[in-house]
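K.L.:
Each protein sequence line maps, in turn, to chains A and F. Its first residue numbered 1, the first sequence is counted upward by one per residue in UniProt numbering. Its first residue numbered 1, the second sequence is counted upward by one per residue in UniProt numbering.
Heads up, some of the hints might be wrong.
Chain A regions said to be covered by chain F (calculated; three or more residues, Cβ under 8 Å) [as the list claims (entries may be wrong)]:
1) 187 to 200
2) 205 to 213
Distance ranges between label pairs, derived from CB positions [said to hold, decoys possible]:
3) F:R138 with A:I274: 35 to 41 Å
4) A:L76 with F:R169: 53 to 59 Å
5) A:A136 with F:S104: 40 to 46 Å
6) A:I84 with F:R138: 24 to 30 Å
Bear in mind the hints are in silico, worked out from the structure with no lab data behind them. Even glycine gets a Cβ: it sits at the ideal position worked out from N, Cα and C.
The lines below spell out each chain.
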Amino acid sequence: MSAHLALDTAETSTDMSKAPEIINPPRLGRWIGVILVGTVMAWIVYQALTNPGFQWDVVGRYLLDVGVLKGVAMTLQLTAIVMIVGLLIGIVVAVMRMSGDPLLIFCAHAFVWFFRGTPVLVQLVFWYNLAALFPAIEIGIPFGGPKFFEIPATVAISSFTAALLGLGLNEGAYMAEIIRAGLMSVDNGQSEASKALGHKPWHTFWVVVLPQAMKAIVPPTGNQVIGMLKYTSIASVVALYELMHSVELIYSRNFEIVPLLIVAALWYLFLVSILSVIQYFIEKHYSKGWQGQDDRGA
Amino acid sequence: MRHEQHPLNEYRASTMTAAKTDEPLVRCENIWKTRGRNLVLKGVNLQARKGEVVCLLGPSGAGKSTLLRCINAIELADRGLVHVDGVPIGCALRNGSHVRLTESQLSRQRADIGMVFQNFNLFPHMSVLSNIIDAPMRIRRETRAAATHRAHELLRKVGLLDKAGAYPRHLSGGQQQRIAIARALAMQPKLMLFDEPTSALDPHLTDEVLDVIKGLAATGMTMIIVTHEIQFARDVADTAAVMSDGAIIEMGPARDVLSRPTDPRTKTFLARSLPDPQRQAV
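Here chain A stands alone, though its shape is the one from the complex (with noise of 0.2 Å):
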């Protein structure tokens, strides 16, 4: 039986054309896909090449054009520091909304529902307008005490604030629930080992679970920043600066709305195509300890 056998695998290994082979079935429905995708395709380059409304020639004289660069230049800043503001806040909400505390899960609570809870239009434009509701800012004792510091609300809320108090706080809240979740996908074990090791609660924070979260915060936190670099255009509202009003601008000028508004949309898409290159490499940092081959008791 045994030497029945032996045989048996000496003859496979020695000889591979004697095992039946397998060959996959033929893929008729592949064939059709590929003939109605290439059909579409030829049909968006067709348009491109030859429509005369596309103007390529006014995309080309705009697309360096020194309004729009300052556009991309605004928009690119905003996102950097909405995303900085919404992460602070985000890691905030998060650690007392897990706190324990039930003031702080309070607060925590409150703060997400209300800025979740409100579009981000609306908030964008009441923070323009704060004025209308607090004439002077002032910090000091509320309820009559004396004040500190104050200054007109029409000076201090111009529209790059307004901007970000509306897209850094929405933003915060909306980071809050990420953080939230990448902290609780950290096994419990790992804080119980970072403090049974002597470790203070705030190294065992950033040093033990943090990091372990990030694996679970960057994809979703990567699509927050590619989703704001787009929602900046939101600011236009107010009058800001950045790429879409400055195509506004232009359009409102000369009347060419179509190519230049070619012009934001090739911007933003190698804007999005960078960030999404760069959250490949962020990826890949924090997913250290977990790649490569399992050579499990070697």
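Following the hints, position chain F against chain A.
P.N.:
Only chain F this time, still in chain A's reference frame:
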């Protein structure tokens, strides 16, 4: 050996024995702990002299792990005091009352007590070496060179010198647990706590971890070990304490308790745990 079941009696008995011997390294006095509506510890007393190995045995849910976790303040007892090396753990005496310490103050006390967990809990985003040297560098302010030197020494002792650069995920459970022991030892603790160190391992890997713990016992390390390995407890423990339903029901020299138990519950527990001829033969 004590058979009193009323916690107050146990308390008196323990203070009397404490007066006779010198001050033990670990002294748990009348520990009470509730979790939700459940009483998990009902006035437990436990002591460990310097160099003593105490094994905590008993059925699941008896409160063994909870008691262990109260000793290094990973969990805080509701009532009762834990002293390690004469210092109250988790609280300080202020104006005649015991006031709970802050999390930051607790971390200072925990640094002197090593703990090994059932699920190893190595930090998966750090290499084996970083796992071991991180705490000595940050908490003991050791230089990287000094910490690394001792880490290598410890890795050699647990037989894993070649794994310094590996990540925990790439190691077997037994290897991870040996690294976890090395990580705890790197802090040069006065006391080591083991919370079911082999329960997550298959029998083949269990022995390599138990051998490391036996070696550690031979060096005179004070250890409190929660385990289900009766044979191991018989080999390594000076004292065995059997817990059931939140209380210690039987305690004494390991050989006596595990060979000639007096409490019927201990008898039932041992009868259920022991009849595995393969384990016994080891």
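K.L.:
Does each hint fit the structure? Answer for all of them.
P.N.:
Quick rundown of the hints versus the structure:
no. : hint                           : verdict
1   : 187 to 200                     : holds (count 12)
2   : 205 to 213                     : holds (count 4)
3   : F:R138 with A:I274: 35 to 41 Å : holds (37 Å)
4   : A:L76 with F:R169: 53 to 59 Å  : violated (38 Å)
5   : A:A136 with F:S104: 40 to 46 Å : holds (41 Å)
6   : A:I84 with F:R138: 24 to 30 Å  : holds (27 Å)
Hint check: a violation occurs at hint 4 only; the rest are consistent with the structure.
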